[in-house]
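Engineer: Now for the letters of each chain:
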Amino acid sequence: MTDTSQSVAFVRTATIPPSPPPAMETGAVKWMRENLFSSIPYSILTLVSLYVIFVILSGVLPWIFNGVWNASNLAECREILDGATGACFAVLKERWPQLIFGLSYPAEEYWRPGLAFLLLFFAAAPVMFFDLPRKMLIITLLYPFIAYWLLWGGTIFVPILALVGVVAGYMVYQRLVAGSFAAGFFGGVATAFVIWYIGGLLIPEGASENALLVPVASRDMGGFMLNMMLGVTCVSLSIPIGIVLALGRQSSMPLIKWICVVFIEFIRGVPLITLLFVASVMLAYFFPPESSVDLFLRVVIMITMFSAAYIAEVIRGGLAALPKGQYEAADSLGLDYPQAMRLIILPQALKISIPGIVNIAVGLFKDTVLVSVISMFDILGMIRGPILSTTAWNGVYWELLGFASLLFFVTCYGISQYSQWLERRLATDHR
Amino acid sequence: MKTSVFFGALTVAGMAAGMASAATLDDVKARGTLNCGVSTGLVGFASPDANGVWTGFDVGLCRAVAAAVLGDSDAVEFIPTTGKTRFTALASGEIDMLARNTTWTFSRDVDLKFEFVGTNYYDGQGFMAPRELGVSSALELDGATVCIQTGTTTELNLADFFRSNNMSYEPVPIETNAEAQQQYLAGACDVFTTDASGLAATRASFEVPGDHVLLPEIVSKEPLGPLVRHGDSDWGDIVRWTLNALITAEELDVTSANIEELAASPTDNPEINRLLGTEGELGAMLGLDADWAMKAIAAGGNYGELFEKNIGENTPIGLARGLNAQWTEGGLIYSPPFR
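Quick mapping for you: the protein sequence lines, in order, are chains A and B.
Using the working numbering, read the first sequence as starting at 77 and increasing by one per residue.
Using the working numbering, read the second sequence as starting at 563 and increasing by one per residue.
Hints in this document: simulated from the structure, not taken from any laboratory.
Mixed in with the good hints there might be a few duds.
[Said to hold, decoys possible] Distance ranges between label pairs, derived from CB positions:
no., chain 1, residue 1, chain 2, residue 2, range
1, A, W107, B, Q745, 41 to 47 Å
2, A, L195, B, R670, 26 to 32 Å
3, A, W139, B, Q745, 16 to 22 Å
4, A, V128, B, F768, 55 to 61 Å
5, B, G880, A, F197, 48 to 54 Å
6, A, Y494, B, D636, 32 to 38 Å
C-beta: ideal position from N, C-alpha, C; glycine also.
If we strip away everything but chain A, and leave its shape as in the complex, we get (with noise of 0.2 Å):
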């Protein structure tokens, strides 16, 4: 008691080790609790969720992780599973280059489409990420010949004059832009014409058939590659030409404005089903047998024309929802009409547009699928024709479709996370 070291009050000189958060408020337990039962209702939710989830899995896992691989036929494979749950994959095995390239597309040449969808990237990227060198879109520029020439083969001479013809077209062009738009846009278009008309005749006839590469007609592509093939084609022609109809259809010229007016409404007001019909059936009367347009060709004309209107619209919203102030701003500047939209309008509309834009490039190239109708034979067309058609697949039809829609998912997922990105990286607004 009387011990004075004792009678100096209790003075702690450590802190106090800091203690674990009580079990409910940390880790796993407070998330679940947080967003998975914080209340009855919920609770609930999450149970049937749960439950829903468990017997999906339950019933894909098995069917996937079963799957067959190697069998010759549908009966083959039933054998092997003999009774349990289990996929078909062998399909996949022995037809995944039909269902790729087509039907009769050269096996030997398949490096070819696989070199152009590489190159693709290469040509998209200096389009699609603006940080990129500017120097790098001279390989855009140049890509559609390069993978004309790859898909199609045959004599080089024919791209190498179709890019001769684009460059003169562009030098007449910029020759002539100065006196008037008209003048160096027609003169340009005319003398690519005159140049490709003059080139065609110099390009010896047979010259395709001892060509470095192999000629491979339009009717021999076919799965996957003819969905890219249609919808990068169709999305890059119809995007420039979807923004020149936005703007006629705001042009304060009758003739214009109507021209733009009565092609949008009137594509927009038909199925694009009844369109390629039109390309497939009813064209084939209009020429003489033997020299009818390619099928391919006729189909991405088609195509185009039904996006670009669309994307039109998109744009045309795009355009309206700017303030009215930066088309005086611009004006007031003493810009002439290129000039205005080229710097301060369509910058702005198009950005505002992205999402519409991707939309439409989205359902775009999920409705190449349709070409399977006219009997070409994109993926679809290769799953419900050929392949299913065999005595030895008949029957398999989730393997097959299940596949298809995982590349337009990876293909289509890929989009859309671009486009975000790309809002994102556009965003100068202070939201």
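Chain A is already provided as a structure; the job is to place chain B on it using the hints.
Structural biologist: Frame of chain A; chain B shown alone:
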């Protein structure tokens, strides 16, 4: 890409524009290949294998015609057509002949300006039902739900059949055959009806085919055959008599196995000699080589061989000859004489 493709198309158009539409035979010979319209895929009748090589009963006929005209059964460009594009493809000259189990009807022959050159398969609409339903005749189907493809003649035939037998039914409209199979297996309908050959092929793809029965009644006539355009009878004759040659060959027991031997020198049977060109001038009358029919038969065998190989009883489809037996065996397959 657009400009270059367009350019290529322009040159092709320019080169071909001067070409007047000559006789189909000359076109085919000049081209070196036969453009034959087939189905985009029908089990047993036309389907490509893993290497893209087309096989099937209709395909066999295309190959026979190519062999007769060009001497090469692989000189065929198979142009897949859907039910909607087949007639325009033929009318526009994109294809030289159509062998795509097309039913020979009055309006197609007369109004659409085509010429059916024969019948290579006599089909008819039938019914399939699960065995556990315990039905043995289509006449017991009163009140049944029926899976049926919309927009086809089968729909009309079904209505006629039930009305004439004073029975009622409930249709389950279905868009495609594949969908119909799934619906039927899922039990959405009691009965599935379509062409008997299609029913057999569908049943063959089921996990347990024995659980389903094909009912004996056939409620419509569906003579399927190859067709060509109106207006070029010489070409029509070639296709018609190539088909007849295959049929006659079966009747005369000329097979792909013994044809070399029989064609080597004249035999005791004058009709075989005329058929195979060792006697007479039949080939020259068609504008073909004397051994045209021999090449056509050697391409894939005679009618019976084609049938057995593609859709016959030893294949998964397992169709019996039935109406498609030779006339000597109680069927309808009958060729006019080679004389």
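Engineer: Hints first: check each against the structure and report whether it holds.
Structural biologist: Hint check:
The supplied range of 41 to 47 Å is met by W107 (chain A) and Q745 (chain B), whose beta-carbon atoms lie about 44 Å from each other. At about 48 Å, the beta-carbon gap between L195 (chain A) and R670 (chain B) misses the expected band of 26 to 32 Å. One distance hint, 16 to 22 Å for the beta-carbon pair W139 (chain A) and Q745 (chain B), holds here, with the actual separation near 21 Å. As the Cβ distance of V128 (chain A) to F768 (chain B) is approximately 30 Å, the hint placing it in 55 to 61 Å is violated.
Range check, G880 (chain B) to F197 (chain A): about 50 Å between beta-carbon atoms, so the 48 to 54 Å window is met. Separated by about 46 Å at the C-beta atoms, Y494 (chain A) and D636 (chain B) break the suggested range of 32 to 38 Å.
Taken one by one, the earlier hints fail for this structure at numbers 2, 4, 6, listed in ascending order.
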